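Take 396 as the starting number for the sequence shown in our numbering and just add one per residue.
Derived from the structure by calculation, the hints contain no laboratory data.
Keep in mind that this is a model prediction, so the values were computed, not measured.
Don't take every hint at face value.
As the list claims (entries may be wrong) - Pairs of lysine-lysine, BS3-like flavour, derived with a Cα cap of 30 Å:
hint	residue 1	residue 2
1	K453	K484
2	K491	K480
3	K453	K491
4	K490	K480
5	K425	K484
6	K480	K425
7	K490	K425
8	K453	K425
9	K480	K453
10	K550	K480
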Amino acid sequence: MHVRTDRMKVYIQDKGALLMTYDSNCIFCKIVSGAIPAAVIYEDDICLAFADLGQATKGHTLLIPKDHQENIFELEEDTAAHLFKTAPKIANAIKKEFQPAGMNIINNNGTAASQSVFHYHLHFIPRYGADDGFQPSFEDNSSQYTSEDLQAIAKSINNHL
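Make the full structure from the sequences, and use the hints.
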């Protein structure tokens, strides 16, 4: 096993294969390593789910990859596939325990999107009604875009796939 550091990131390798990156400044990496305790809900070789300290609503849970990947733009496809395969398990466990009326599953990427911990994570926020204290909002800007505008937007994004 070989361990190399680079700007506070630790790369753990075994027989030439990169096993995991760890950022010593990242609170979620510290939770993964056991340096900081967490109320763990689920764990496997790739991901970890635990209760969010802030509990936006009762049952608010975070799902993270164990490997340090900052945001959706860095998230490896196989890690993303595993996280989204695990997501229904977490959501259904929360639903069975707390019987919420609904659930928001949210991911913030970058400071402009209100990301505060720069380790990719999904928020599972059970919803109990309009007065449960959590109010995400989306403005309806549909009157500002024609069908042609939407087609142009779709084509320009598709050009990068």
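Evaluated hints:
With a CA separation close to 18 Å, the supplied pair K453 and K484 stays within the 30 Å bound. For the given pair, K491 sits about 18 Å from K480 by alpha-carbon distance, which is consistent with the 30 Å threshold. A threshold of 30 Å between alpha carbons decides the hint, and for K453 with K491 the separation of about 13 Å falls inside it, so the pair holds. For a cut-off of 30 Å, the pair hint linking K490 to K480 stands: about 17 Å separates their Cα positions.
With a C-alpha separation of about 24 Å, the suggested pair K425 and K484 falls inside the 30 Å cut-off, and the hint holds. For the suggested pair K480 and K425, the alpha carbons sit about 24 Å apart, so the restraint of at most 30 Å is met. Between the alpha carbons of K490 and K425 the distance comes to roughly 28 Å, so the proposed pair stays at or under 30 Å and holds. Our distance criterion of 30 Å between C-alpha atoms is met by K453 and K425, whose separation comes to about 24 Å.
About 23 Å separates the Cα atoms of K480 and K453, which keeps this hinted pair within 30 Å; it holds. At roughly 29 Å between alpha-carbon atoms, K550 and K480 fall within 30 Å of each other, so this suggested pair holds.
When each numbered hint is compared with the structure, no violation occurs for any of them.
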